[in-house]
Every structure is written in structure tokens, then in C-alpha cells.
Amino acid sequence: MTAALERRARLASAAFLATLAIAALAADWVAPYQPEEQFRETIAAAPSSRFWLGTDDLGRDRFSRLIHATRISLLIAPAAALLSVVLAASAGIAAATRTGLIGNLLMGAADITLSLPWLLLLLTVRSLLPLDVTPWASLTLTFALLGAIGWAGPARVIRAAIRELLVSDFVISARGRGLSKSRVFLCHVLPSARPVVAAQFWSAVPVFVLAEANLSFLGLGVTEPAASWGTMLKEMETVLAVGGNLLNQYWVFAPAALVFVSVLCLTILFPSRIST
Amino acid sequence: MRLRIIIAAQFLGIACAWAQQPVRGGALRLAIQAEPRNLDPAQASDEPSELVRYLTGGVLIRMNRLTQRLEPALAEQWSYDTARRTLTLRLRAGVRFSDGTPFNAADVCHTFSHLLDPAVDAPSAEPFRSVKGGTRCEVRDARTVALRFGEPIAAVERLLDDVAIQSSRSKDQSRPTLGPFFISDRQPGASLVLRRNPNYWRRSPSGTQLPYLDSIRLDIQRNRDSELVRFRAGELHLINNLDSQLYERLKSQLPGSVRDLGVSNDTEQLWFNQIAAAPLPAHKKVWFRSTEFRKAVSEAINRNDIARVVFKGHATAAVGPVSSANHAWLNAAIETPRLNLKSALNRLSGSGFRLRDGILYDRAGNPVEFSLITNAGNRSREQMAALIQADLKRIGIRVTIAPLDFPALIGRITRTFDYDACLLGLVMTDLDPIAQTNVWLSSGPQHQWNPSQSSPETPWEAEIDRMMHTVATEANAAARKRAFDRVQQIIAENVPFIYLINRHALVAVAPDVRNAQPAVLRPQTLWNIDQLWLASPAQVPKR
Numbered sequence: 004m005t006a007a008l009e010r011r012a013r014l015a016s017a018a019f020l021a022t023l024a025i026a027a028l029a030a031d032w033v034a035p036y037q038p039e040e041q042f043r044e045t046i047a048a049a050p051s052s053r054f055w056l057g058t059d060d061l062g063r064d065r066f067s068r069l070i071h072a073t074r075i076s077l078l079i080a081p082a083a084a085l086l087s088v089v090l091a092a093s094a095g096i097a098a099a100t101r102t103g104l105i106g107n108l109l110m111g112a113a114d115i116t117l118s119l120p121w122l123l124l125l126l127t128v129r130s131l132l133p134l135d136v137t138p139w140a141s142l143t144l145t146f147a148l149l150g151a152i153g154w155a156g157p158a159r160v161i162r163a164a165i166r167e168l169l170v171s172d173f174v175i176s177a178r179g180r181g182l183s184k185s186r187v188f189l190c191h192v193l194p195s196a197r198p199v200v201a202a203q204f205w206s207a208v209p210v211f212v213l214a215e216a217n218l219s220f221l222g223l224g225v226t227e228p229a230a231s232w233g234t235m236l237k238e239m240e241t242v243l244a245v246g247g248n249l250l251n252q253y254w255v256f257a258p259a260a261l262v263f264v265s266v267l268c269l270t271i272l273f274p275s276r277i278s279t
Numbered sequence: 071m072r073l074r075i076i077i078a079a080q081f082l083g084i085a086c087a088w089a090q091q092p093v094r095g096g097a098l099r100l101a102i103q104a105e106p107r108n109l110d111p112a113q114a115s116d117e118p119s120e121l122v123r124y125l126t127g128g129v130l131i132r133m134n135r136l137t138q139r140l141e142p143a144l145a146e147q148w149s150y151d152t153a154r155r156t157l158t159l160r161l162r163a164g165v166r167f168s169d170g171t172p173f174n175a176a177d178v179c180h181t182f183s184h185l186l187d188p189a190v191d192a193p194s195a196e197p198f199r200s201v202k203g204g205t206r207c208e209v210r211d212a213r214t215v216a217l218r219f220g221e222p223i224a225a226v227e228r229l230l231d232d233v234a235i236q237s238s239r240s241k242d243q244s245r246p247t248l249g250p251f252f253i254s255d256r257q258p259g260a261s262l263v264l265r266r267n268p269n270y271w272r273r274s275p276s277g278t279q280l281p282y283l284d285s286i287r288l289d290i291q292r293n294r295d296s297e298l299v300r301f302r303a304g305e306l307h308l309i310n311n312l313d314s315q316l317y318e319r320l321k322s323q324l325p326g327s328v329r330d331l332g333v334s335n336d337t338e339q340l341w342f343n344q345i346a347a348a349p350l351p352a353h354k355k356v357w358f359r360s361t362e363f364r365k366a367v368s369e370a371i372n373r374n375d376i377a378r379v380v381f382k383g384h385a386t387a388a389v390g391p392v393s394s395a396n397h398a399w400l401n402a403a404i405e406t407p408r409l410n411l412k413s414a415l416n417r418l419s420g421s422g423f424r425l426r427d428g429i430l431y432d433r434a435g436n437p438v439e440f441s442l443i444t445n446a447g448n449r450s451r452e453q454m455a456a457l458i459q460a461d462l463k464r465i466g467i468r469v470t471i472a473p474l475d476f477p478a479l480i481g482r483i484t485r486t487f488d489y490d491a492c493l494l495g496l497v498m499t500d501l502d503p504i505a506q507t508n509v510w511l512s513s514g515p516q517h518q519w520n521p522s523q524s525s526p527e528t529p530w531e532a533e534i535d536r537m538m539h540t541v542a543t544e545a546n547a548a549a550r551k552r553a554f555d556r557v558q559q560i561i562a563e564n565v566p567f568i569y570l571i572n573r574h575a576l577v578a579v580a581p582d583v584r585n586a587q588p589a590v591l592r593p594q595t596l597w598n599i600d601q602l603w604l605a606s607p608a609q610v611p612k613r
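Line order of the protein sequences matches chains F and D. So that you can map any letter, position 132 of the first sequence is 135 in this note's numbering, and since no number is skipped, the others follow by simple counting. So that you can map any letter, position 362 of the second sequence is 432 in this note's numbering, and since no number is skipped, the others follow by simple counting.
Note that these hints are calculated values from the structure, not bench results. Glycine included, each C-beta is placed from N, C-alpha and C at the ideal position. Careful: at least some of the hints might be erroneous.
Stated by the list, open to error - Quick list of in silico lysine-lysine cross-link-like pairs, PhoX-like style, CA-CA up to 25 Å:
#1 D:321 with D:382
#2 D:463 with D:355
#3 D:202 with D:551
#4 D:382 with F:237
#5 D:321 with F:237
#6 D:355 with D:321
Said to hold, decoys possible - Selected chain F positions facing chain D (in silico; Cβ < 10 Å):
#7 39
#8 125
#9 134
Stated by the list, open to error - These stretches of chain D come out as covered by chain F in the derived footprint (C-beta under 8 Å, 3 or more residues):
#10 125-136
#11 436-445
#12 469-478
All chains should be built: construct the whole structure from the sequences, respecting the hints.
Structure representation (C-alpha cells):
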């Protein structure tokens, strides 16, 4: 990809994501209907001037649901990614600077976390939740758990980057000039590690967007009547199950298209390659 | 020329006859939605276990699902004594279990001894156990058995369709059977393979030993969409209880494969947890035990919308425990509950509830909200729950939908009782209410809103107990009908179950399955399993 093309792609991605974020934040004003409002006389309707993306099987406006779903999927995923990266940075820094028992324990914990069957863990936690938990509470807990168990991979990357920085020429030079360990770390090492941490955050966001979609697809994410990209993707299940009239029902694929384009834009904007 | 036409016609006739000739062999494949919870036929309480019992168990008397009449099976004849306290059954001669051991009267009494054992807690034993003075089985001779009851009894022979006879000699876990198949292989979580019982007693009119099929493979396939995909791909032969949405889609693609058999006897209902010892807040128990609260909820639900939106018209608003298809037992005086928000709010207001800013509060100021559990993955129920949620929001009640996987749901409604309300269906295998005794008796394990009571906790439950006793013991048909009419009336007045709709029986049958005569009663496409056969590929039009 040439530099000019890359710049244009990044610009387009930024514009798309910004529009999406604004629409999601202003969902109550942008969406023509409440996402749970049922128009029972017009179920599974095709797109029209009244319902831009048609209605679902319960007569709910698909466009309104998609906008509200974007709010959930696009705003909670970064929150989970932030939690994950904060935990990862803390563990990674501690493991890089404390090379003895503490470092080994932290990296051992990371290995154990990586080997956990997270889906089963989520299933167990969800089954232990009270039944009358609100959709938002259930979703927040699910994402908090996702964030909490998503620290291990980034922690290893951050630890490696910091250890590399600690033996780099400019750090050795700063120590040689008599700067204290803490000052070197705060003023030189941490600022240099920031791009690595940022890259971990931005590469985690699409992962969590897809995780939400997967969880909702499995019935572990958002519960009725709230909508997320994942719950809307479930609609495709029925159409795909019988394998017919896909082209006649292209609007059912709007959530899938939105997930795809959003993740693509995030990847273009924040490529996971690290340049310090 | 004329001779040629005659010869051609004769060849055609022979070819057609050959094409219709049952072929022995082949493996029928179908899907079940969950692992059978218990392969002991006496303890079968979930649908997969009941299906396995039906396919493998030999019974004394079988109900023909099409004619709804009783037919001799392992018992050739049966009769009551004049006092209707003894049912004498004459057993078929020369019958052997699938392991080759002979069947005799001792096996029947062994089965009843196991069935009536309180430790077994068999759901189908409840009607026998509820007889005052109990039920005893007596061996008269090797081929004659008598069931003796402590009081006069009626229609008990219909219950024998659910009692699979077990071997008194078998000590191992292989469970020899008297039905058309036996379990030959079980892969937990994946599949169950049933093989033809080489000693099955039944023969076709032409003398061929039944069943025609070599085996049946039951794949555990929780996802019904996948079941449909596999049916379209020719991997499955039959689908029972087809979801209405999938039915419509399949109908548009394979119109010859699907059938709407009309209103079934199965009901979909919602009930509130009324168990005194349930781990629920005290104020919720007060709501759930209030008849006016339950009636208000019932009046706020739009049943016609459920039938139209969720079931695409393949369902009918339910009147009560008896479907409108059951003309013999329906109490015609009871009207289908109608949507009436004003009446619902009046009832709530009269019971101390107040609607403020769109939220309903009880007398103590608690907002009225409850969780509604249903089985996850059942799209119809999830959609019904979403409609109910929207309907109840209009009277200020907040409903949280909690889909649970089936074992977890069963655990909550039968063991921990940790739930507010449940949306589930009830399967009716017989038209006679005698089969529902375990649901209506307050001591019954399937008296879901408050099961296994030591004595009836409310006067109306006590009255139901009395009426069901009449249904179970009275010889006079008109008296039995009057008693069950009263039961329906009490249910309508107290709404322990909020009946929503009666589904239509929707099935799909692959073109290579022959002799299929789907019936409204379960197991719809499989009730004549011993007569089903699979056509060879040459005899089947391409899908």
C-alpha cells in the first residue's frame, strides 16, 4: 500500500468510526424508534421509507436496533480493552522490573490465564448470576470478566518491550549520567513504552467487539430487549439455516457488515505492528 | 397395439407394487434436542428420555396415535372386574426380550414394583400411587397378571401406554427391551444408537417380522436450525415439533416434506413460583400467591399476537389445560382469556398495587419486577418471552428474560426452586385427563407452581384433588367429564398456570421415509416406528 493510499484509507476509517461513534452516542435522537418497540402488524418487513432496514421477527425497527446496538458494542468493547491493558501494563511492568520471584510468579499467572477455557469460565459465571440481573449489568460483568482474563497476552508483550528498553543505549546513558532508577524509568522508559501499550489497546478493541458478537451469538451476551451486534447477528442464523433467498434479504446482513467494516477500520487506523 | 398397452400397464403395475413393497434394513436418523436424562423407562420425565422409552419399551397396551384408540400390545386382552378394583391382563405368548430371555407375568409385576417404589420417584407412577389403598400387582399364572386397586378405578388401562415392561431377570445395565429397538450404543452428548430388537413380537400383515428398520440414530442436536440444515441435506429423515418459522421456510423450499397437522394438545404456559420454601423475597411470594395478580398478568398478555407473530398462525390462543382439539374433554363453558389492560390494572389496583410513572409498585413500595426463565435456544419461547415482556411493561411490570440451558432450568424448577416465573410447555400424550394426574394432584411432582405438597395448601387445590380422584376412580363417563370440567373451571378461576397458546403439530418427513402417518399426539412421526421403512435411492425423487 502506498503512503498516499494508506493515508486516505486511514482518513476514511477515522471518518467512518467517528460517524458511527456519534450516531451511537446520539442513538436516542438518531434512531427513529425505541429499539424495543414492537410493531406487531409489520413483522419481518422489508426495508421501506418507514423502516430503513426493515423489521425483525417481532416487528422491531432493525435500523433503530442497529444504532443502539452500536452503542453497546462499540463503547463497551474499548472499556473492556482498557481494563485489559491497564492490568497488562501493571503486570508487564512489574514482571520486567522485578526479575526474581515476583516476575516469575506474574508470568506464571499469565501462562495459567492464557490456558484457561474462558468460554466455560464465562458460562459458569453467568450461571451463578442472579436471574433478575439487568441486561446492562449482565453485559458489564461479562465484559469486565473478558477484560480481566484478557490481560495475559498483552502483559507478556509489554514485559518484553520494557526489558528491551531497560538495556537500550539511551537508558544506560541516562543511568551513566547519574539519574536515579525511578527517574530513568518514569522519564525515559515509560514514555518510550507508550506506543507498545497503545498498540495493545487498539488491537484489543476489535477482539472484544468480536468477542461480544460471539458471546451474544451463544446467548451469553446481551439479553432481551437490549440489542447488540451479536444479538442482531443471531437473526442471520435462521436465514442461513435454510440457505435460501439470501440476496432477497440482504438487509439481515447489516449487522455483520457493520462488524466487518468497523473491525477493518480499527485495524487500518491502529495496525498492531509496533514501532518505537 | 392394444396388447402392448396392456403389457406395459401390467409392467407398470408390477413396478409400482415393487416400489411400495416395504424394504427391511436401513438406518433412520433424527435429532433430539438434549441428552436423555434417564434411560430407566420408569424415570423418564424429559422429552428425549420419553422418546427413547417409546422406541425401545414394550408396553402392555398401546394407544394408536392416529385413531386414539387402545390396541393390544404385550397384553392380548384385558378386563375389569365388576367392582372395577381389578384389571386382569392376559399376556401374549412366546414373547422374548431383546436378550432372548422369555417374557412372563413376573416381569410385569417386577416393573410395577420398580415403578411404585417411592425411591424411584417415577412420574408415571403418580396416578397409580394416588389410588386410595394403593396398587398391587399379582401374578395369576405365567401369562396372566392382575392389577388390584384399593378403590374402584377408571381408564387406568390408558396409563399402561407409558409403562415400559422391564426384565425381572436382567441384572446388568444393558436393559433388555420388549419394544422394537434396544439401545446398542451411547455416546454422551453426541448420539444414541438403537438397534432392531431381533425378538420383537410384532409382525406385519404379510408375516414379516417388524420393525423394518435396522437401526435408529438419535443425534443430540440442540440447535434446531442445524437440524433443519441437516434435514435439507438429507442427513436426517424426520423432524417432530417443527418450529413455525422454520416450518414456513422449509415449506417454501420443500413443500412436500412438511405437514401442519392442526391444533395439538400441547400447551405453552407461564407459571409463578408459589412454593412457600422457595428462596425468594417475601414480597415476591405475596405477589405470586395472589390470584388477582396472576389474573392481571393473564389479562395483560396478548395471546393472539403470540399465535400470529411468534407462530406465524400455526398456533391457537389457549383456553386452558385442554386444547380445543380435544372435543371429548374440553369444558366449552370456559372462554379464552382476552386481552384487557383496563381490567388488569383494576385488579392490581384492587390488590394494593399502584402504577406511578409507568412502573407498578406493590403496597410496600416495591417495584413489581420478576425474572422469567425459559429454555435457551428455543426461539419460539424466547420470542414469546419478548412479547410477554413488552405486554407486561404496559401495566408497569418489568420482566427480565433469563434463558437457561435445559438441565439448569429443570434443576431450578424441580430441585432448588430458585426462580420467579417460568415459561414452558406441557406435552399431552393422551386425551384422557387421567394422564395428567401428576400435574393436577397437589402431591404431584409436576404440580409445577407448588409441587409435592404433603397436603393441599389452598382450598381450590384440595377441590382439584377431589375432582381428580373422581376422574381416576369413577366408572361413569359423564361423572368423570363433570369432574374434569370442574377442574378446568377451578384452573380458569385461579390461574396457577397462565395458558398462552396451543401449538399446531408441525412435522417434516423426508421423501424416502415410507408408511409415515404423522399424528397430532406425540411422538408425531414416530408413533408407528415399527412400520416405517426407508425407500431405496432409486425409489426416491431427488430433493
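Against the structure, the hints come out as follows:
Distance check on the hinted pair: residue 321 of chain D and residue 382 of chain D sit about 13 Å apart at the alpha-carbon level, within 25 Å; holds. In summary, the hint linking residue 463 of chain D to residue 355 of chain D is supported, as the alpha carbons are separated by about 20 Å, within the 25 Å threshold. The suggested pairing of residue 202 of chain D with residue 551 of chain D holds, with an alpha-carbon distance near 21 Å, which does not exceed 25 Å. Only pairs whose Cα atoms come within 25 Å are accepted, and residue 382 of chain D paired with residue 237 of chain F is accepted, the gap being roughly 19 Å.
A distance of roughly 22 Å separates the Cα atoms of residue 321 of chain D and residue 237 of chain F; the hinted pair therefore holds under the 25 Å criterion. Taken as a hint, the residue 355 of chain D and residue 321 of chain D pair is broken in the structure, with Cα atoms around 45 Å apart against an allowance of 25 Å. The beta carbon of residue 39 of chain F is positioned within 10 Å of a beta carbon in chain D (closest approach about 7 Å), and the interface hint is therefore held. A distance limit of 10 Å between C-beta atoms decides the matter here; for residue 125 of chain F the minimum to chain D is near 13 Å, and the interface restraint is violated.
Taking 10 Å as the C-beta cut-off, the interface hint given for residue 134 of chain F holds, the closest approach to chain D being about 4 Å. Judged by the Cβ-Cβ criterion of 8 Å, the region 125-136 of chain D is not covered by chain F as claimed, because only 0 of its residues qualify and three are needed. Figure legend: the region 436-445 of chain D, annotated as covered by chain F; annotation consistent (4 residues with Cβ-Cβ distances under 8 Å, at least 3 required). Taking a C-beta to C-beta cut-off of 8 Å, the region 469-478 of chain D contributes 6 residues in contact with chain F, enough for the three needed, and the coverage statement holds.
Hint compliance for this structure: hints 6, 8, 10 are not met, and every other hint is.
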